[in-house]
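Going by my numbering, 113 is the number at position 113 of the sequence shown; the sequence numbering is gapless.
Read the hints as simulated data drawn from the structure, not as lab findings.
Here a beta-carbon is modelled for each residue, glycine too, at the ideal position from N, C-alpha and C.
Any given hint could turn out to be false.
To be verified - Computed beta-carbon distance windows for the label pairs:
1. Pro168 with Ser111: 28 to 36 Å
2. Arg66 with Leu94: 23 to 31 Å
3. Gln104 with Leu78: 21 to 29 Å
Unchecked claim - BS3-like cross-link-like pairs, simulated, lysine-lysine; straight-line CA separation at most 27 Å:
4. Lys219 with Lys207
5. Lys102 with Lys187
6. Lys43 with Lys128
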Amino acid sequence: MNKDSNGYTFIFAIALVVVVGAGLAAISIGLKPFQDKNVEIKKKMDILAAINAKEINGSDTLDISRKNAEKLYEKHILVDECVVIGSDGKERDLEAFDVDIKKQYRDKNLSWCDRDYPLYVAEVDGAKKYIIPVVGSGLWGPIWGYIAVDDDKETIYGATFDHKTETPGLGAEIKQEFYYTQYVGEKISGGIKSVKDGTGKEVGNGKVDGITGGTITSKGVEEMVNRTLEVYVKYFKG
């Protein structure tokens, strides 16, 4: 075939696209196990962060990292006692770690009452803690977190929140320690309200200080937390 012809150029271009595409697909397939493992480790780190209450509860700080996350998870999370419940407060025959609450939340065809709600059981200083994953919406995108409940199944032991696209210095502050530690000691059965004051004077007894300039994100956390806790309160009381 004449290498200067249009036909040769066309065939060569197609062959190049096929070869490059096949190479990229092979790389993607080869990397997927590593990507999945990274996602698994990150999830374990986030779960553990909820019981990493630092000096607030007089517990030792967990030095959580990608290197030791699996070892700490194995040490503190009682995998055999973790369950999945439905909105009716009854257990479902599913593995807690396999439930993707973010994917469920994105599915607009799946109502809240049809979702699966994982519950992780941990042990800290000989006492059980119940870790609840939460997901919701902030101002610009998804927000999520984990709330650890003490062995009385009523008092919040620890919490952690995160986001994808909230505004730095405003809504993004939900991931900062000064914000999420406000939830420690609050009760899950009465609901938790975010107040706009911003001075910290009204906090406690079911109220947390909303982030100044981040009202919508703060209210998003409030909605996310209360909507989710309602399901688990029903389970704990059952």
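Structure versus earlier hints, numbers of those that do not hold, lowest first
Of the numbered hints, all hold.
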